[in-house]
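There are 2 protein chains.
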Amino acid sequence: MAIARAVDRRLFLLLERAHTRVFRDANNHLKSSIGLTVSQGGALFFLNRHDGCRIGDLAVGIGLGAPAATGLVDRMAKSGLVRRGAEKDDARASRVYLTEKGRGLSGAVADELKIFNDAIAHDFTDAEMETVYRFLTGLARGDYEGKL
Amino acid sequence: MAIARAVDRRLFLLLERAHTRVFRDANNHLKSSIGLTVSQGGALFFLNRHDGCRIGDLAVGIGLGAPAATGLVDRMAKSGLVRRGAEKDDARASRVYLTEKGRGLSGAVADELKIFNDAIAHDFTDAEMETVYRFLTGLARGDYEGKL
DNA sequence: CAATTATTATTCACATACAAAATATAACAT
DNA sequence: ATGTTATATTTTGTATGTGAATAATAATTG
Chain Z
458 MAIARAVDRR LFLLLERAHT RVFRDANNHL KSSIGLTVSQ GGALFFLNRH DGCRIGDLAV
518 GIGLGAPAAT GLVDRMAKSG LVRRGAEKDD ARASRVYLTE KGRGLSGAVA DELKIFNDAI
578 AHDFTDAEME TVYRFLTGLA RGDYEGKL
Chain U
458 MAIARAVDRR LFLLLERAHT RVFRDANNHL KSSIGLTVSQ GGALFFLNRH DGCRIGDLAV
518 GIGLGAPAAT GLVDRMAKSG LVRRGAEKDD ARASRVYLTE KGRGLSGAVA DELKIFNDAI
578 AHDFTDAEME TVYRFLTGLA RGDYEGKL
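These protein sequence lines are chains Z and U, in that order.
Just so we're aligned: 548 in our numbering is position 91 of the first sequence, and the numbers increase by one with no gaps anywhere.
Just so we're aligned: 527 in our numbering is position 70 of the second sequence, and the numbers increase by one with no gaps anywhere.
The hints are simulated quantities; they were obtained by calculation from the structure and are not laboratory data.
A virtual CB, placed ideally from N, CA and C, is assigned to each residue, including glycine.
Treat the hints with care, since some could be wrong.
Covered stretches of chain U, going by a simulated chain Z footprint (3 or more residues, C-beta under 8 Å) [what the hints assert, rightly or not]: (1) 468–474; (2) 495–506; (3) 568–575.
Start from the sequences and build out the full structure, keeping to the hints where you can.
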């Protein structure tokens, strides 16, 4: 791969810009349609499949550090989307449960995500999207770490 | 394009996860190597080519809103990377100049970015990276807006 | 020229994320 | 049983970004 090109050194910054833009738009979109932020929507989407998981599982599940998960759950609990529950056998741990409201909204979140996903992939063939998936999955997994 | 797949609705969330991971790692990398955050490094990289630009130009140039640019410049000025200067003909505007220190570091930033870019693109062919570029550029430009 | 509108940047209140340190509890080892 | 080590989460302090509102100045228009 890769004879150096003029744009080479901007790949990383391009990722930053892409994220900033999409995150901003998605936040506005989601806030006006269902009153949630993207982070909270993502957590809801995860919890719909892992209701009652531990805070730590949520953190790993959505790719955040523990403190970020703590704060996210705090804010979501404050707005009535989830509630915290104790873990029987381990007083350190704490579980997260969807409330009625939270469960109700998680369907809408999935719908909105679908809209966004479709829009984002619109101009690309399946084969091209396969490449994009592989790229993003590799980043999310930290595949590049060994090459630094 | 695109028969719906099981992963479809996760594209957007995948982008979030990829960003979170890379941003975190890059921040740690950059902080320990040259003592800067990714955002400040990106600003420095831009300013190296647009020294003395307006705050608004910086914001547009790196894809941020005006308040974010204001804050970023404030913090960078506090750590001696840039200084603010007045605009002759327009008392509303304010210009940003690299300091010695800022200019000195911008070279190192470019080097570090190159390392990251190479690592990120490592497992992909030029043709594949072309697709990735087109994808990210489209996102950064908001091409999907019309398809929502 | 005065009134209105537009531009430029900042301030404010908030949400998000991080690393490092602190807390609390569990598990293990001596 | 007691002291050490590991685990789960929270707290603390900082950086980052947002939108809405504000301030200050410029430009336009009547």
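Each hint tested on the structure:
no.: 1; hint: 468–474; in the structure: holds (count 7)
no.: 2; hint: 495–506; in the structure: holds (count 3)
no.: 3; hint: 568–575; in the structure: holds (count 6)
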